[in-house]
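Trainee: As a plain string of letters, each chain reads:
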Amino acid sequence: MKTEIRDQRTGIRDQGTGNRTSDPSEFDETLRMIARLSAPEGLEERVQAGLRAAALTELPKAGILRWRVALSMDNNWMRAAAAAAIVAVVVGGGWGISSRFQPAPPSSAVAVPLRGAGQTGQAGFSSAGAMRTPQTLNGPVVVAPATAHPVTTPQAQTKAAANAHAKTHARQVKPVQTNNPVAPTTR
Amino acid sequence: MSAGQAVFSGWMGIADKAAYEETCRRAEEAAIAGLVSQYAGTLYRVAYSVLRNAADAEDAVQEAFVRVLRHRETLAEVRDQRVWLIRIVWNVVLDRKRRMKTRPETDDVAELARVLPVGGLSAEERVAAAQHHAHVLGCVEQLPAKEREVLMLSAFEELTSVEIASVLGISESSVRSRLFRARNLMAGLLDHTRSLR
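Protein chains in written order, with the numbering used here: chain A, 1 to 187; chain B, 1 to 197.
By construction, these hints were calculated from the structure, which means they are not laboratory data.
Any given hint could be a false lead.
Claimed, not checked - Listed next, with one range per pair, are the computed distances between beta-carbon atoms:
no. : chain 1 : residue 1 : chain 2 : residue 2 : range
1   : A       : S98       : B       : G34       : 54 to 60 Å
2   : B       : C24       : A       : N76       : 19 to 25 Å
3   : B       : A55       : A       : G93       : 32 to 38 Å
4   : B       : C24       : A       : V87       : 27 to 33 Å
5   : A       : I97       : B       : D16       : 32 to 38 Å
Every residue, glycine too, gets a C-beta built ideally from N, C-alpha and C.
Assemble the whole structure, with the sequences as input and the hints as a guide.
Mentor: Structure below.
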């Protein structure tokens, strides 16, 4: 029955062997016997153990992952502790560095300018008592309107002529010089 | 969100990703363990049919599953895992056989006498049967490689011609034609040796 099933599946019998005298089942029997051999006892366990060993030795990347995963698996307190440890290491390292490298102390020698050089005149130039006044903004300047061509109306000409005459007359009539210093003078 | 919260959430994100990867890894390992328990026997028989040595066949099965472990990311994409595994172990076995020296027939006789089912046979009958099987296997070894491979795989009842074609990477019609040639060649070889005796 099994042979008939095989005929349908693989066609191993369909092909025939021509006019050969050998019985095909002669070598089929041998091949099938080997194909039906049972696996040795404990094969699966040995293969499983070999796979576990192979996973550890041949896949180092998995080992690294396992370390990271073991740290993070369902342990929130472990995560918090790890974060705190990282913070402590960073802060501690910074403090260690800052405590070892203090800034340099101020030097005892201070450069002082020559005292009184400008006042005694023994060295350097003196300012000659000049004071520097800072530049400030100029205030608003009121500019008088310029009259390049004054207006000459008849009334203005008359007034100007009168003024000029008065000035001339005043210069010609000089007051008498007296020795009295309190006497009023006229200009 | 403050900087501290961002750092903490980033840390949690890394941890969650690691946990996810660990879950995936465990799932893949469980899948491989299932494959071992289901197909280790089949792979062993395939390996033994070529190597004809129990220790070598077991090593080949081991190596095949290690290869599966290395390519476990592609496990979900495999359509027919049985044929895929047989193909892997078949390649492993052929590699090993190329590196091995030709087995003398006396080794085959001793090995076959050890693994043959007792079945009520006497010691003399078992030795005679072992010699006969060793002689047949010697004739199989004389076949061309292509025909020999098809003939050996066709002996496995759990493999159809389509599956044999998939294992060998050839068409089904090629399997049939190679099987036809192999059977004719085997019959000729057995007739020839019988006439010499």
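Trainee: Would you mind marking each hint as holding or not holding in the structure?
Mentor: Structure-based check of all given hints:
no., hint, in the structure
1, A:S98 x B:G34: 54 to 60 Å, "holds (59 Å)"
2, B:C24 x A:N76: 19 to 25 Å, "holds (22 Å)"
3, B:A55 x A:G93: 32 to 38 Å, "violated (57 Å)"
4, B:C24 x A:V87: 27 to 33 Å, "holds (31 Å)"
5, A:I97 x B:D16: 32 to 38 Å, "holds (34 Å)"
Hint violations for this structure: number 3 only, all remaining hints satisfied.
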